[in-house]
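Please put together the full structure from these sequences, using the hints given.
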Amino acid sequence: MLFNSYEYLIYFLPAAALGFFFFGTRPRWAVRWLVVASLFFYGWWNPAHLPLIAASIGVNFWLARKIQRAANRHRWLVAGVAANLALLGLFKYADFILRTLAQAGLVAPVQLGLALPLGISFFTFTQIAFLVDVRRDKAREPSFDNYALFVTFFPHLLAGPIIHHSEMMPQFASTTNKRIDWHDVAAGLFLLAIGLAKKVFLADPLVPLVAAGFDHATTIGTSQAWLSALAYTLQIYFDFSGYTDMALGAALIFNIRLPINFDSPYRSLDLRDFWHRWHMTLSRFLREYLYVPLGGNRASESRVLANLLLTFLLGGLWHGAAWTFVGWGALHGMGLCGVRLWRRTGRRLPPAAAWALTFVFVVVTWVFFRAHSLGDAWAIVRAMAGVASAGADFGQIRTLLSTDSAAAAALAAGLLVVFRRRNSNTLAGELAGSWLAAAATAGALTLAVLQLGRVAPFLYFNF
Amino acid sequence: MAIVRPGDDKSVQSRAMSGPAARHWRRWCASVLGVTFAALLIVAAVNAIVDPFQQYRLATTYTPRFYALHHRWINPGIAKRAAYDTVLVGSSIMESTRNDWIATACGGSAVNLSMPAISAAEIRTLLDTVFAVREPRRIVLVLDFNAFSGTPDERQDSAGPLPAFLYDRNPLNDLPYLLSGTVLRKSLAILAGRDDEPFRTDADAPWFWGDRFRFARSEVLRGLDPGNINARFQQPARTLAGMRRSFERNIAPALARHPATHFDLVWPPYSMFVWRDFAQRAQLDVTLDFKRYVAEAVQPLKNVGIVDLQTHAEITTDLDLYMDIYHFAPQVDRWVIERTCAGLDRVDSTTAAAAERHLRDALAAWHPPVGQTAQ
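First to last, the protein sequences are chains A and B. So that you can map any letter, position 14 of the first sequence is 296 in our numbering, and since no number is skipped, the others follow by simple counting. So that you can map any letter, position 324 of the second sequence is 788 in our numbering, and since no number is skipped, the others follow by simple counting.
It should be emphasised that the hints constitute simulated quantities derived from the structure, not laboratory data. Keep in mind that a hint or two might mislead.
To be verified - Short derived list, chain A residues pointing at chain B, Cβ under 8 Å: (1) Thr563; (2) Arg566; (3) Ala724.
Remember, it's a predicted structure, so these values are computed and weren't measured experimentally. The beta carbon of each residue, even a glycine, is placed where N, CA and C say it ideally should be.
Shown next, in the form of structure tokens:
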């Protein structure tokens with residue numbers, strides 16, 4: 283079920299909240315209700331994947347107990363992490379690996395063709411972190427109900443934020459937060475409205491501008507390439523941060539505080555700063571469970587740089603089984619190495635130059651993230667550099683923007699919003715309960731919902 | 465504190481709230497939810513009452529609008545609400561068939577539910593909608609080979625998303641229609657008597673486009689490369705196995721499940737250029753094999769007949785009857801339905817081979833006009 287769907291907004295979310303507070307005086311039942319609701323949410327898209335997530339939860343809970351009590355704890359941890367990675371590998375990476383090996387002529391072309399279960403990267407990483415922390419004696423969870431809710435809680439289940447047991451378990455275990463808290467509900471509705479508006483009014487209208495460049499990678503000119511890359515930079519931010527705002531908002535209605543995932547990333551002054559503001563919970567996971575165990579900063583300089591590079595290569599691969607994601611991760615890894623080396627010189631760029639350099643780097647690297655192939659990405663980057671044969675094509679851009687006023691408006695509004703000092707987190711934190719805020723929230727929710735059922739006309743004009 | 469950063473321990477802080485504060489926030493939430501739901505309810509009511517795509521009733525209190533770009537949104541409503549005992553289903557080539565032509569040719573009352581670039585999967589969906597309401601006496605299926613391209617559930621991207629929720633009988637999933645801003649704009653335009661986008665108002669010929677195009681040899685040849693006909697149309701290649709799978713999944717079950725309904729499977733009279741294009745793309749044998757397969761597949765079914773109009777060289781070589789290599793003039797639409805309901809041009813598994821030979825001979829004998837392609 284998508285957050286920006288009618289069935290979620292009109293039926294599921296209200297029903298889940300009403301049921302939760304109906305069982306509020308019996309906390310164990312409230313938790314069980316949420317688990318069942320979350321599994322229903324998960325199974326809506328493909329019920330066939332329900333046994334998979336249920337088995338993953340059961341096995342990991344059992345493994346956690348083994349790690350907690352068994353004599354050979356480390357062996358159980360290794361087995362647990364391996365099992366989780368094997369599951370992820372089977373569904374997400376097996377075909378990619380087979381395809382790559384076949385292209386290298388090492389195996390015959392064969393594909394498993396398994397459908398990727400929704401959210402598998404997220405619930406796998408969440409549980410790996412849990413097992414590692416049980417082994418480190420930082421985590422312990424005696425309640426299966428709470429553990430199941432920790433993994434399945436629907437606001438974070440499909441696309442994060444990637445949560446940490448230490449910030450979630452006390453909330454799930456609390457008996458006091460099973461009762462309705464109108465301030466939390468208000469903040470939740472407010473964030474929900476912001477997130478939905480970001481998705482509907484800022485991210486979705488940019489799709490044609492993005493497609494105009496990325497679907498014609500080899501024939502576009504310089505300005506079209508920049509326009510599409512910039513449009514994608516905004517689209518991915520508003521799409522993902524809008525989704526996260528909706529997740530945080532939905533969780534707040536249940537008195538659960540999920541960690542924020544974005545903090546005005548495009549205002550970053552260097553790449554390190556960017557990764558402290560972009561997909562913050564993934565950054566935390568990669569730092570705590572990959573970079574630090576690899577040796578982190580406490581190693582020789584060359585080893586630190588290698589750790590950074592490896593962490594971001596794997597971080598790129600986590601996003602998807604394609605070389606474009608690996609390329610994107612590698613570029614960010616190299617960028618971070620560059621930032622680290624630059625910092626050691628003790629020199630500083632003026633803030634405007636530092637911001638511009640970081641922003642342009644991020645825009646260019648998004649090309650690799652979005653392109654259909656590395657070849658396409660390279661073609662677009664060449665076009666951006668002015669090497670493409672099409673040259674500058676301002677007329678084409680003018681036509682594109684003038685024929686799609688929604689996209690032009692989203693581009694202009696998006697640029698204004700991303701550089702504003704106050705983002706959705708700040709606004710939600712400052713929510714004072716004025717009637718103006720209530721009107722804005724109701725207005726945004728109503729208008730955004732009316733846009734969800736956009737009637738797509740038939741495009742096949744040219745018989 | 466509604467917002468916490470990763471690792472922030474404020475997430476579990478106590479949240480005691482005073483009575484007045486709690487009352488204020490409760491009123492705030494009630495206002496937001498109340499206004500939102502009231503506004504959405506009003507929109508849903510306006511859309512349900514005006515019903516611009518005629519999902520709940522045929523338009524009688526205002527002149528109906530058949531939007532030229534929204535067949536897929538309006539046709540399920542017509543299928544559910546109109547009175548008919550004969551249905552015509554086809555692609556854009558059959559859209560210019562008036563309902564009264566069908567009724568006159570086939571008897572009773574009729575409706576044309578053709579849609580541009582219709583796929584076999586969409587035909588199945590549409591037939592399911594029809595049969596959920598009634599068992600028509602006759603269904604004329606004009607089969608486009610391209611409807612059987614790709615996987616059995618494949619549709620043309622250019623067709624836009626199919627609003628599947630309008631094709632079923634579940635009113636609870638109609639929210640994308642009832643709460644659509646686009647539909648609301650159309651409702652308001654109807655109430656205000658304003659025009660918004662192109663539409664027809666003739667309920668007897670809702671999808672008729674034959675009066676907007678010129679049918680002439682020069683139109684057919686415009687921009688056509690006789691050496692590479694498909695360069696203009698970019699039609700996908702098909703495989704016999706893929707076409708068979710699609711037929712078995714999308715068409716055959718309806719034929720077998722509704723023995724009380726007579727089905728005419730019609731092979732439409734494309735211009736000879738189409739067959740030449742098939743030959744250029746090594747699609748000729750695939751296509752003719754598929755026709756033979758269909759004839760054999762439906763042979764045991766008493767309620768199914770096949771009408772093959774592709775051997776009529778007097779039509780298929782007269783390019784003045786076409787606007788491009790596929791789309792023929794309204795008089796040909798009428799001719800198709802008249803011959804079908806008159807029981808002419810029937811083929812079966814025993815006569816299909818002769819029809820195929822005839823077509824191959826006609827193609828071999830045909831010399832396309834040369835030196836007249838205009839760019």
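Each hint tested on the structure:
1. A least Cβ separation of about 5 Å between Thr563 of chain A and chain B falls short of the 8 Å threshold, and the interface hint therefore holds.
2. The interface hint given for Arg566 of chain A is met, as the beta carbon of that residue sits about 5 Å from the closest beta carbon of chain B, less than 8 Å.
3. Nearest Cβ of chain B to the Cβ of Ala724 of chain A: about 4 Å, under the 8 Å cut. The hint holds.
Comparing the model with each earlier hint shows no violations; every hint is respected.
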